Every structure is written in structure tokens, then in C-alpha cells.
Amino acid sequence: GESVGLHLPTLSVQEGDNSIINCAYSNSASDYFIWYKQESGKGPQFIIDIRSNMDKRQGQRVTVLLNKTVKHLSLQIAATQPGDSAVYFCADYNYGQNFVFGPGTRLSVLP
Amino acid sequence: GAGVSQSPSNKVTEKGKDVELRCDPISGHTALYWYRQSLGQGLEFLIYFQGNSAPDKSGLPSDRFSAERTGGSVSTLTIQRTQQEDSAVYLCASSLDSGNQPQHFGDGTRLSIL
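Chains A and B, in that order, give the protein sequences.
In terms of our numbering, the first sequence opens at residue 1042 and continues consecutively.
In terms of our numbering, the second sequence opens at residue 1193 and continues consecutively.
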């Protein structure tokens, strides 16, 4: 993930709408990617992962899209609920180095 | 429990004191990681263990920081002569093996240095 400084970008969505959270990574050799959700006072929670031999992977209400050409990852959350409010961040990995974590995006679900 | 357990959950101490943070990984996970998270920042890698060995200590900020893991299970992160800039949330994660495996995190220890 890339560092974007001290201020977390925030995404506000209406309850029931779909959310799209984006992440850029810098290492073109990265071959494994994870999305995490972190609620206040809690540790990061694994949501979904994807390997570089795939472009898309779906879970329950979540979809991850990987565009290796532009080194971009996105997380789509369908029918966003109040419980989805949290900070979401991506992590990328390539063999021989540790995971690199982005600073995250704060998702705020409006009633 | 089935998850990664960290203790204490909160620690407040005076500048100059030593602190010890504990991590109990998921049973059977051979890889264990320590990270530091400051307000609004991404996770800062500190050190990881494969079994009891620490192949990568490159993230430790200074020689005041050390970590050990015994029996391939519990790990402790020790910070000596704490400074105010050490205040952060210290997170531990474990995975089945090192490399391209999902890391599962504990809820962290929130460390405050007065």
C-alpha cells in the first residue's frame, strides 16, 4: 500500500448503497493481496484475499478486484450496513519481503 | 479462544520504565508478527518469527526494542527505557506459515507513556 500521510481518506455512503474502497500498491512484483477491516479499539480483521493469478474474487457481500496493470486494488461492499463502518486497508505481499500495509480508508455509513 | 490473544490490552507507564507485551498466537501457527500502529498511520512492521527464530528484525526502531518467542508459541515484545514516542498500539499477528498467508491479528496493546 502507499502512504498518503496522516489524514485518512473518508468515504461516506448511505445505508443500503454499495461502497467501493480503493487502494494503490507500489510493488509490481506483489502477488498476494489482503483487505482488512479495523473497528475502533480492535485489531484488523481479515475480510478477503486475492492472488495475482486472479482479477476478481467474491465473498459474502464483498468483492475484490485486482488490476495489476495499474497496480490497483478495490473492495466493493454490497448493500452497506451500519456495522460496516470501520477503517479498511489493503496489504500486499511479494516473496522475500513482508506485507506492506496501506494507511486505510475510513468508511462511514449514514442512516 | 481461537484467536490471537494479547495482554495487557492497555498499559500506562512512566517515561524511562521498561514494559513487556505478550502475544499468544493461534494454535498451530508457526509465523508470528509484531507491528506498531500510531494514530492515523498504517501498520509499521517491527519483527517476525518463524518458529522461535527471528529472520527479520529490520523493523525494530532502536536497540531499546527486543522480542523473543519460546516453544514456538507465546512471544513477548520488550521496550526498555520507554520514551513518549513509543506510545502507540502494538499489534501481534500470526499465520499458518510465513509468506503469502493471511495474517490474523489480536486486538493489540495500547501503550501510553507519560
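Hints in this document: simulated from the structure, not taken from any laboratory.
Note that the structure is predicted; figures quoted are calculated from it, not measured.
A portion of the hints provided could be inaccurate.
Under 10 Å between C-beta atoms, here's a sample of chain B residues computed to sit facing chain A [claimed, not checked]:
#: 1; residue: A1194
#: 2; residue: G1195
#: 3; residue: G1243
#: 4; residue: F1257
#: 5; residue: D1299
#: 6; residue: G1300
Ranges of calculated distance between the beta carbons of each label pair, as one might list FRET restraints [what the hints assert, rightly or not]:
#: 7; chain 1: B; residue 1: G1243; chain 2: A; residue 2: Y1136; range: 46 to 56 Å
#: 8; chain 1: B; residue 1: S1250; chain 2: A; residue 2: P1050; range: 34 to 44 Å
#: 9; chain 1: A; residue 1: A1070; chain 2: B; residue 2: K1207; range: 24 to 34 Å
#: 10; chain 1: A; residue 1: G1082; chain 2: B; residue 2: N1244; range: 41 to 51 Å
#: 11; chain 1: B; residue 1: L1288; chain 2: A; residue 2: A1119; range: 25 to 35 Å
#: 12; chain 1: B; residue 1: E1206; chain 2: A; residue 2: G1100; range: 17 to 27 Å
#: 13; chain 1: B; residue 1: Q1272; chain 2: A; residue 2: K1097; range: 45 to 55 Å
#: 14; chain 1: B; residue 1: G1208; chain 2: A; residue 2: N1063; range: 23 to 33 Å
#: 15; chain 1: A; residue 1: S1081; chain 2: B; residue 2: P1200; range: 33 to 43 Å
#: 16; chain 1: A; residue 1: K1083; chain 2: B; residue 2: V1204; range: 13 to 23 Å
Quick reminder that beta carbons are idealized off the backbone N, C-alpha and C, glycines included.
Hint by hint, here is what the structure shows:
1. A1194: Since the shortest Cβ distance to chain A is 13 Å, the answer is violated.
2. G1195: holds (9 Å)
3. G1243: violated (17 Å)
4. F1257: For F1257 (chain B), the interface hint is violated, since the closest Cβ of chain A sits about 16 Å away, which is over 10 Å.
5. D1299: Status holds, d = 4 Å.
6. G1300: OK, holds: G1300 (chain B) within 10 Å of chain A, min 5 Å.
7. B:G1243 with A:Y1136: 46 to 56 Å: violated (19 Å)
8. B:S1250 with A:P1050: 34 to 44 Å: violated (29 Å)
9. A:A1070 with B:K1207: 24 to 34 Å: This hint is violated: roughly 42 Å between Cβ atoms.
10. A:G1082 with B:N1244: 41 to 51 Å: violated (31 Å)
11. B:L1288 with A:A1119: 25 to 35 Å: The hinted range 25 to 35 Å holds for L1288 (chain B) and A1119 (chain A), with Cβ atoms some 29 Å apart.
12. B:E1206 with A:G1100: 17 to 27 Å: violated (45 Å)
13. B:Q1272 with A:K1097: 45 to 55 Å: holds (48 Å)
14. B:G1208 with A:N1063: 23 to 33 Å: Given range 23 to 33 Å: violated, Cβ gap about 43 Å.
15. A:S1081 with B:P1200: 33 to 43 Å: At roughly 18 Å between Cβ atoms, P1200 (chain B) and S1081 (chain A) fall outside 33 to 43 Å, so the hint is violated.
16. A:K1083 with B:V1204: 13 to 23 Å: holds (20 Å)
In terms of the numbered hints stated before, the structure departs from hints 1, 3, 4, 7, 8, 9, 10, 12, 14 and 15, listed from lowest to highest.
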